[in-house]
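Please dock the two separately framed chains into a single complex, following the hints provided.
Single-letter residue listing:
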Amino acid sequence: MEITQHESKHLAHHFDDIEQQREASTLGMWVFLMTEVMFLGALFTAYGMYRLLYSEGFAAASMHLNVPLASINTAVLLTSSFMMALAVRAAQTGSRVGQVFFLLLTILFGLAFLGIKGYEYYLEYQEGLVPVTGFTFHYEGGNPGQAKLFYNFYFALTGLHAIHMIVGIGWLLVIAFLALRRRFSPEYYTPVEVAGLYWHFVDIVWVFIFPLLYLLQP
Amino acid sequence: MNQHHVISKAKYLLVYIALLALLGLTVGAAYVELGIWTVAVTLTIAIAKALLIILYFMHARYSGRLVAVAAGAAFVWLGIMISLTLYDYLSRGWLSAPGA
Numbered sequence: 723m724e725i726t727q728h729e730s731k732h733l734a735h736h737f738d739d740i741e742q743q744r745e746a747s748t749l750g751m752w753v754f755l756m757t758e759v760m761f762l763g764a765l766f767t768a769y770g771m772y773r774l775l776y777s778e779g780f781a782a783a784s785m786h787l788n789v790p791l792a793s794i795n796t797a798v799l800l801t802s803s804f805m806m807a808l809a810v811r812a813a814q815t816g817s818r819v820g821q822v823f824f825l826l827l828t829i830l831f832g833l834a835f836l837g838i839k840g841y842e843y844y845l846e847y848q849e850g851l852v853p854v855t856g857f858t859f860h861y862e863g864g865n866p867g868q869a870k871l872f873y874n875f876y877f878a879l880t881g882l883h884a885i886h887m888i889v890g891i892g893w894l895l896v897i898a899f900l901a902l903r904r905r906f907s908p909e910y911y912t913p914v915e916v917a918g919l920y921w922h923f924v925d926i927v928w929v930f931i932f933p934l935l936y937l938l939q940p
Numbered sequence: 893m894n895q896h897h898v899i900s901k902a903k904y905l906l907v908y909i910a911l912l913a914l915l916g917l918t919v920g921a922a923y924v925e926l927g928i929w930t931v932a933v934t935l936t937i938a939i940a941k942a943l944l945i946i947l948y949f950m951h952a953r954y955s956g957r958l959v960a961v962a963a964g965a966a967f968v969w970l971g972i973m974i975s976l977t978l979y980d981y982l983s984r985g986w987l988s989a990p991g992a
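Protein sequences, first through last, are from chains A and B. With this note's numbering applied, the first sequence corresponds to residues 723 to 940, in that order. With this note's numbering applied, the second sequence corresponds to residues 893 to 992, in that order.
Hints were generated in silico from the structure; no laboratory data involved. Heads up, the beta-carbon is just placed ideally off N, CA and C, and yes, glycines get one too. Take these hints with a grain of salt, some might be off.
With the C-beta cut set under 7 angstroms, the calculated list includes, among others, these residues of chain B facing chain A [unchecked claim]: (1) Leu915; (2) Thr934; (3) Ala938; (4) Met950; (5) Ala966; (6) Met973.
Interface residues of chain A toward chain B, partial, derived using beta-carbon atoms under 8 angstroms [unchecked claim]: (7) Val753; (8) Leu774; (9) His922; (10) Phe930.
Next up, chain B with everything else stripped away, as it sits in the complex (with noise of 0.2 angstroms):
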């Protein structure tokens, strides 16, 4: 039988210990002036503390590859949902249609 992977609890002290550090980073970021790098600073913060969280509290880095097709499915339909909604409403303007 397949011997189930258990992670060590200094691994998964490891892991709190980074998510507490990106949380704090994400608030101290907000306090300092980014500009136009706040949105991408913020979701990368999110996005990697999100990956942690799946990777290690899920288990998705020691489970199957269908695991890996279910979780990342979901992301590439979202990621579709979001950029095309995006590509839509901020193309909007970018010409002007005759008589509009």
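Just chain A, with the same shape it has in the complex (with noise of 0.2 angstroms):
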């Protein structure tokens, strides 16, 4: 059996060496990403088209969402990705502490995001705006058929979002666990970068769903 210079207790067997392990990972971890964009996206073109359909309504529903709140939840989603990114590079350099340090960081502006969104939630509920059965749907303004559908894209996008939040923690979790461990080494430490690729991708998505229901405003 011919030994290569890339022999590694981490390396699988199907693999020629470490590098080709890891480009096949990320790949896979970019494919099952495209797959999200166009899950989500047939969401953001229903969207898009309700909303030049009955731009009235959807304008007038959309001053009922808290822009600043919202806002804050932006800056605190982009730092917990600059935390991410940060991580990948404590893997990369190989410091064990710098990695499980940033990992805790990203989850917890992660957690902080979860409250300030279940927080916005709770708000709409007390104004009667979730559309959902058992809920009383209850609203002033014209169009409330329209409103209505506003908010039934918007909890679906942020509740989608948030469900994707709650996934990437407990994934994070875990490669923080095994960070501490001692599982990852500048040579092998595609599981880091492949789940920051999942939370940066979570994040994208917000990118979209804040100027898109927030900000649209007449």
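Set out below in structure tokens:
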């Protein structure tokens, strides 16, 4: 059996070398993210269409969203992504303390985002803007039907985003635990990198949700 | 072995500051009367932010061409979905069919 210089305890037998293995994993994550783009893109497309068809009702309905809270939340999520980038960098440079520290900060900012988002949901619930069976949808302005549709899109998009965040936080907790157990090195840090790709993608989704839902006011 | 490109902390910080600046810009633009340009300005800023995240935080700039093709394909297909849908809905009613 030929022993190559890339022989490593992390190398699975069906790869030539660790570099090819890393590329395959990264590409796999990108392909998964492509499917996410199409999945969420369909919702964005539908939202965009109704925004054009019912522009008045949608614009009026969006006035009830809390722009200051969502702006702060966007900054919180961008900070979380920044921390994630630094965590991957710490893995590349072999700093165990750096990895755990920045991963925990990433998770912390992610939790802060969910907390603020939850508070926003609570405010909307108090205003009676939750169009879900069991709750009464109460809307004073004109075009209540269009407003209800707007809030359906709002809760679908932000809710799916929040679910992705919760999944991401669980995933990062596992990665942080593994980093603590010295499982990653500059030679092998693919799990940190791949988790980072997912986390940044979730950030990008919010980068589109925020302006398209909150900011396009008349 | 191919050495991985490690981006400096200063560069990450610069990207982060740029992202926050773009956030400030898009929130500020929402309070300015831009008329028909509102959507264009808002979307341009959002795409700029997404590009910064993809190229630097997600290392797409330093990854192979295969990653570029995968990431590009997603947005090309998204573009087809959005433009063909718009094309349908926006052009309805442009021509009046006899008897309609």
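Report task. Return the numbers of the hints above that this structure violates; sort them in rising order. Result -> none
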